[in-house]
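**Q** Take a look at the letters that make up each chain.
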Amino acid sequence: MPTNAPMPIAFFVLAGVTLVSAICAMSLRNLVHCGLCLALTFAGLATIYLQLGAEFVGLAQILVYVGAVAILIVFTILLTRNAEVHISPVSRSWMVGLAVAIIVCASLVLPIFQSPSLHRTPIMTPDATVRLIGEKLMTQYVIPLEAIALVLTAALLGAVVIAMRDEPEEKTKQMMEPPRRGGAKPELDPPRLSIPAVETRQ
Amino acid sequence: MEGVDQIFVIAKHWITAWSFWPNALRPFVSILLSIVPIIGLFALAFGITTVVERKALGRVQNRYGPNRVGIPLTKIRLAGFGQFMADGIKMLIKEDIVPFSADKVVHYLAPLALAIPVWLTFAVIPFGRNMSAIDLDAGLLFFFALGAGSELAVFMAGWSSRNKYALVGAMRGIAQMISYEIPLVLSTVAVVMIVGSLSLNEIVRAQSSYSLGFIPHWHVFTPWGFAAFVFFMIAACAETNRAPFDLPEAESEIIAGYLTEYSGFKYALFFLGEYMGLFAITGFAVTLFLGGWTAPLPFLNVVPSWLWFFLKFATLIALFIWVRATVPRLRMDQLMKLAWKFLVPLTLINLLVAAVWHYSGGWAFTGALAIRWVFCGAVIGSAYVALGRGLHTKHFAPRAYRYAD
Numbered sequence: 000m001p002t003n004a005p006m007p008i009a010f011f012v013l014a015g016v017t018l019v020s021a022i023c024a025m026s027l028r029n030l031v032h033c034g035l036c037l038a039l040t041f042a043g044l045a046t047i048y049l050q051l052g053a054e055f056v057g058l059a060q061i062l063v064y065v066g067a068v069a070i071l072i073v074f075t076i077l078l079t080r081n082a083e084v085h086i087s088p089v090s091r092s093w094m095v096g097l098a099v100a101i102i103v104c105a106s107l108v109l110p111i112f113q114s115p116s117l118h119r120t121p122i123m124t125p126d127a128t129v130r131l132i133g134e135k136l137m138t139q140y141v142i143p144l145e146a147i148a149l150v151l152t153a154a155l156l157g158a159v160v161i162a163m164r165d166e167p168e169e170k171t172k173q174m175m176e177p178p179r180r181g182g183a184k185p186e187l188d189p190p191r192l193s194i195p196a197v198e199t200r201q
Numbered sequence: 000m001e002g003v004d005q006i007f008v009i010a011k012h013w014i015t016a017w018s019f020w021p022n023a024l025r026p027f028v029s030i031l032l033s034i035v036p037i038i039g040l041f042a043l044a045f046g047i048t049t050v051v052e053r054k055a056l057g058r059v060q061n062r063y064g065p066n067r068v069g070i071p072l073t074k075i076r077l078a079g080f081g082q083f084m085a086d087g088i089k090m091l092i093k094e095d096i097v098p099f100s101a102d103k104v105v106h107y108l109a110p111l112a113l114a115i116p117v118w119l120t121f122a123v124i125p126f127g128r129n130m131s132a133i134d135l136d137a138g139l140l141f142f143f144a145l146g147a148g149s150e151l152a153v154f155m156a157g158w159s160s161r162n163k164y165a166l167v168g169a170m171r172g173i174a175q176m177i178s179y180e181i182p183l184v185l186s187t188v189a190v191v192m193i194v195g196s197l198s199l200n201e202i203v204r205a206q207s208s209y210s211l212g213f214i215p216h217w218h219v220f221t222p223w224g225f226a227a228f229v230f231f232m233i234a235a236c237a238e239t240n241r242a243p244f245d246l247p248e249a250e251s252e253i254i255a256g257y258l259t260e261y262s263g264f265k266y267a268l269f270f271l272g273e274y275m276g277l278f279a280i281t282g283f284a285v286t287l288f289l290g291g292w293t294a295p296l297p298f299l300n301v302v303p304s305w306l307w308f309f310l311k312f313a314t315l316i317a318l319f320i321w322v323r324a325t326v327p328r329l330r331m332d333q334l335m336k337l338a339w340k341f342l343v344p345l346t347l348i349n350l351l352v353a354a355v356w357h358y359s360g361g362w363a364f365t366g367a368l369a370i371r372w373v374f375c376g377a378v379i380g381s382a383y384v385a386l387g388r389g390l391h392t393k394h395f396a397p398r399a400y401r402y403a404d
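In order, the protein sequences belong to chains A and B.
Under numbering that gives the first Met the number 0, the first residue of the first sequence carries the number 0, and numbering increases by one thereafter.
Under numbering that gives the first Met the number 0, the first residue of the second sequence carries the number 0, and numbering increases by one thereafter.
Worth double-checking, as some hints may not be accurate.
Quick list of the computed label-pair ranges, beta carbon to beta carbon [to be verified]: (1) Ser210/B - Ala158/A: 43 to 53 Å; (2) Ala317/B - Ala154/A: 38 to 48 Å; (3) Leu144/A - Lys340/B: 25 to 35 Å; (4) Leu156/A - Phe220/B: 32 to 42 Å; (5) Ile38/B - Met163/A: 39 to 49 Å; (6) Ala153/A - Pro26/B: 46 to 56 Å; (7) Thr152/A - Leu386/B: 19 to 29 Å.
Hints listed in this document are in silico derivations from the structure and should not be mistaken for laboratory results.
Just so it is clear, CB atoms sit at the ideal spot from N, CA and C, and this is done for glycine as well.
If we strip away everything but chain B, and leave its shape as in the complex, we get (with noise of 0.2 Å):
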């Protein structure tokens, strides 16, 4: 099974042999197909995940989602599985408007700005085994930094618009973001601190070993890992501003946030750094608390690492959508409210439960794990039900907004 799972590695290396590159070439042609795969890859599922997702929404309300579309000029079908070539090829051909007062370079700048650094948080993410395009020292924070990028973008893109919806988008989203940068990197924080590194490659290793011979190492399968998941995941949906944090794109109040005046392949553009950062988000949410590219049982390991990435990648993005479907938007006072009164703290609070459970992994004695499991869960636990109920007190409860409630 080796071959199998090594199967990609194998081929590249094998490609890169050829004697029919020049030798100068020859490290072009490495880094080639490490990117082309990832970036045709994750386009397809692009354009696969929009239709999964419009068809998911559709049952969820009780309509059909696309079901028309398949191979054009052909009476097959595909279930409306063609609907993203047919959308795409839409996108393509639109009437590119750019408003008469409006900033024309930086608002030409914007979608590249938002798509290039997404695209390249790619690089880090371990699909397999040996399977990262580059295995860096500090991936993490490589992934963070670039995500800082994508706030720039957005306000390029509402500031340049000139137009009073895509500002307002503009401020809401980047307000977002900031505020659930914290939790985000404070969530992830409790990993590294387990770990010991920031390698993207190394944490996935420190998953990958099982107790007793079935239970998988994986971090989510700790208590304070369990919560760093749950924050993780709640701080994702924010940053990649998908519902029920879709305020910066508020099609019922403010048309469409930053987007307003965007159309054809630009619009296309931002959409498509949208899902790449779910994407990538997604991948790192696997890599850093699913075990990454690790099978969930020892005998499982037969199956090549990089489809049970995928595996795990789909069940999360399957996530994300069943929660758009089926969870209301939120109102800007209880976004902030939530990320900086409820999360951060609790994140705080997460990481000091992380470093009691480092700390006491040494113990021997007998019933060590047990102790250290409630002792755990009973800080998280509680600092999650005192935090509950304590901001609906009378004096941390919500402002009241006369013309808002």
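The shape of chain A in the complex, shown without the other chains (with noise of 0.2 Å):
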């Protein structure tokens, strides 16, 4: 809707929240916060997508981004390592950081200059509906769907296995049993979380 009047001011307002939360994530020290604001990025990218009338990508985005993957990321963070760690930088240099800069951001600008979609006259009314990919998915693509679902589902019965695995009988029995008077404590290793505890005090 690009004659809408209101477009350009919420268009400004959400692009700055996207860019901004996307530099607050690259850039603050503490590691949930990064991921939370990775988690506003994407909701951000998500608005923009919904302003330009993709409805069905834009919800997706926020369905799959924000509900799933930056529910994992925090996660993640907090199960295996302390969160409250300062990692020291793979290196200091700025002039190395601007080469490898350079060269991603031209990797990604010149495939997009050479496309032949940038000399495509744009469609003025986008008719991406909900039901139009839905019949996209079940017949031309239905193949590449197939094998996504297929990929998924290996994911999950690998992600179950590894769940599954138990601990070796006697080291479980080991564990159950109440430890006794004089003898040695069974070595207990409770999962690392970096919730901290009053010791850990700003």
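Two chains, two separate frames, one set of hints: put the complex together.
**A** Okay, here's the thing in structure tokens:
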């Protein structure tokens, strides 16, 4: 809806939120904060999709990225390492950083400028209704869809297999036994959560 | 009766058309007139539901519920229905305690992150004929997308509180929401398959006719629809953290879960967000399975459509309160088992049944309906019985925990 009057203001607000949260996601010290900012970035991107009239893509973006990927990211941060740790960067040289940034940027920008889609005349009324997407998925793109479904099912089964692997019987039994008086206490290794106790006051 | 049915729509158009508004302001007036009644009405419904719930719980537990507070400075008691105003005032003026080592910003934002998306979901619910704030083509998807945001809010609340009970509560909450979202979505997919649209207005329209002149075409009156309705209600109960699925805030185990470190108005916002989530999901259950705003009998269409919606809505809320009062809380492994080993397979089988129902819809010979009914009902019923029995055999029996049983 490019002719809509309030579009530019709304677009600039949403784009600003998206950009600022993306910058925060890169630069904040606390990793969990970074993860939450990333979720905000995903949501901002989704609102831009929605504003462009791509209803299905926008809502799917929120459903998948904010609902699943962001949760996965924050949980991974929480469960795998102490979120308070300040990671030292691989390289402190800003020259190297700049070079990497330029290479990445160029490798994205050059193909975009060479792509034929730039010279296509834009379709004025994008007709990407949910029904159309569904029909395309079920007819033209049914094989890729099935392939993705297969991959996802395999991933799901793999996750279940990993989660189902119990500890050896003896160790479990030993852990279940109440500690005997004088005997060595069984080694319990609780998962290290990054929830700080009282001693990590800021 | 057309006038009474459309009274709110007509009133909205009438107010928007006043020459008093400058033309640039007109769209905003129209938007405001859609939003403000929703917020006002459901906030009031929230207050009344809390009192009704406490009174009903009291009745079930053989005691009085709140029955004192009425209109202040008078002798009018209203049978205790002024209680929610007193509670609200109390919440507002309570001290807002933030733990010393809490992550202040995230702690502050968590209640908002829960409450705002939940309010947005009301935008797509059709409360009556021509009465939905926006008619989205993908209304169902909109609802589930916004529901996904609440998991992040729960995480924010639990993590930022710097409290072990809060974190355990948040983990339980997120695990539960993610697990029960699957049966919730899968049970609605059956409806989408039959109707062929994600638009909620379209789904209501598909249920608005009657066969034989008196049987409404509500989805709950079909074998797949009834099964999906039951699964949807169970999953909805878990999704909104209500008893018997209130493990995330099980007060006898982990104090109040992720709400442990919240007080005052932030706590009230969480409370509000939870009830709004319940209202939204109940509104969806009404829309998807109980025919939305359509009347149960054709001659009852003289009663305004919005009244039918709210009657069904109130009935389902009463059902939720009844369940909360009577069913004890589950244990964590029972909760996961119910979702993954029972509800997910059953909802998947229900999808197949819905497909059979859809494709057998063209049968024209006599007795076709009976055959469809018997076949679909038998598949769902036998799957239910087989899974229910099968999960108690040796191989699938629950793991024995020495210190838990």
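**Q** Now tell me if each hint is right for this structure.
**A** Hint-by-hint comparison with the structure:
For Ser210/B and Ala158/A, the hinted distance range of 43 to 53 Å is satisfied, since their beta carbons lie about 46 Å from each other. About 42 Å separates the C-beta atoms of Ala317/B and Ala154/A, a value consistent with the hinted range of 38 to 48 Å. Restraint check, Leu144/A to Lys340/B: a C-beta distance of roughly 27 Å satisfies the suggested window 25 to 35 Å. Look at Leu156/A against Phe220/B: about 37 Å separates their beta carbons, and that is inside 32 to 42 Å.
At about 47 Å, the beta-carbon gap between Ile38/B and Met163/A stays in the expected band of 39 to 49 Å. For the pair Ala153/A and Pro26/B, the supplied restraint of 46 to 56 Å holds, since their beta-carbon distance comes to about 50 Å. Our hint of 19 to 29 Å for Thr152/A and Leu386/B holds, since their Cβ atoms are close to 20 Å apart.
The earlier numbered hints are all upheld by this structure, with none contradicted.
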